[in-house]
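Asks: The sequence shown begins at 1271 in my numbering and counts up one residue at a time.
No lab work stands behind these hints, which were simulated from the structure alone. Just so we're clear, the structure is a prediction, and the values are computed from it rather than from any experiment. C-beta: ideal position from N, C-alpha, C; glycine also. Any given hint could turn out to be false.
[To be verified] Restraint ranges, calculated between C-beta atoms of paired labels, are given here:
#1 ARG1370 with ASP1301: 14 to 22 Å
#2 ASP1419 with GLU1388: 20 to 28 Å
#3 ASP1301 with ALA1452: 22 to 30 Å
#4 SER1469 with ALA1344: 26 to 34 Å
#5 GLY1294 with ARG1339: 31 to 39 Å
#6 ALA1452 with GLU1420: 37 to 45 Å
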Amino acid sequence: MIIGLTGGIASGKSTVARAFERLGIPWVDADDVAREVVEPGEPALTEIAARFGQRVLNADGSLNRRALREIVFADPDERRWLESVTHPRIRHRLAAKLERLQAGGAPYVLLVSPLLFESGQHEMVERCLVIDVPEAVQVARTAARDDVDEAQARAIVAAQMPRQERLAHADDVIDNGSDEAALTAQVQRLDETYRRLSSTGADSLE
1271 MIIGLTGGIA SGKSTVARAF ERLGIPWVDA DDVAREVVEP GEPALTEIAA
1321 RFGQRVLNAD GSLNRRALRE IVFADPDERR WLESVTHPRI RHRLAAKLER
1371 LQAGGAPYVL LVSPLLFESG QHEMVERCLV IDVPEAVQVA RTAARDDVDE
1421 AQARAIVAAQ MPRQERLAHA DDVIDNGSDE AALTAQVQRL DETYRRLSST
1471 GADSLE
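Work out the full structure, taking the sequences as your base and the hints as a guide.
Replies: Given below as structure tokens:
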């Protein structure tokens, strides 16, 4: 069974994934794969450079992520073009990595992706787990982590899928607005549930 784990920026997706990992559950990070498909020598980077020119490349030929982000953040059409180039390649590579993890014999595996719903990656999983925190917490964590001011942090949060829409897609939710003990307890309960579902072949809690 594959569990899709997602959440807004600074919700603690990696923290939760590592908590599952301590219980013996492997995971694939879609952000890591997204970086892989635009490395030098990859066809996606060639297409990106052909469209946007040298301004999106660093001196060593690698992708200048900040420059590209500024372009697509300001132009929805360019963002959609970029997604059409990268998303199919990301999904293909994710599928291969997940298949290898499944072959390892774990009771279930995690696909950790900030764009689980937006990219269509939710179609690759049996259940969707949303890590939820209040928007004010997201803003504060983003400002501290990324060294941006509050206005910039709010703009980043606002550009993502709305919190309530994300929750509406969830099969399961973890509240990560409290302390580590509360988070650990929630992860342990879900781990027990997922192991039971995996062993029975069920896709629901009924």
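Asks: Evaluate each hint against the coordinates.
Replies: Outcome of the hint check:
The given range of 14 to 22 Å is respected by ARG1370 and ASP1301, whose C-beta atoms sit roughly 18 Å from each other. Roughly 26 Å separates the CB atoms of ASP1419 and GLU1388, a value that falls within the hinted 20 to 28 Å. Between ASP1301 and ALA1452, the C-beta spacing of about 25 Å keeps the proposed range 22 to 30 Å intact. Separated by about 49 Å at the C-beta atoms, SER1469 and ALA1344 break the suggested range of 26 to 34 Å.
Between GLY1294 and ARG1339 the C-beta distance comes to about 36 Å, which sits within the given range of 31 to 39 Å. With their beta carbons about 26 Å apart, ALA1452 and GLU1420 fall outside the hinted range of 37 to 45 Å.
Checked against the numbered hints given earlier, the structure breaks hints 4 and 6 and satisfies all the rest.
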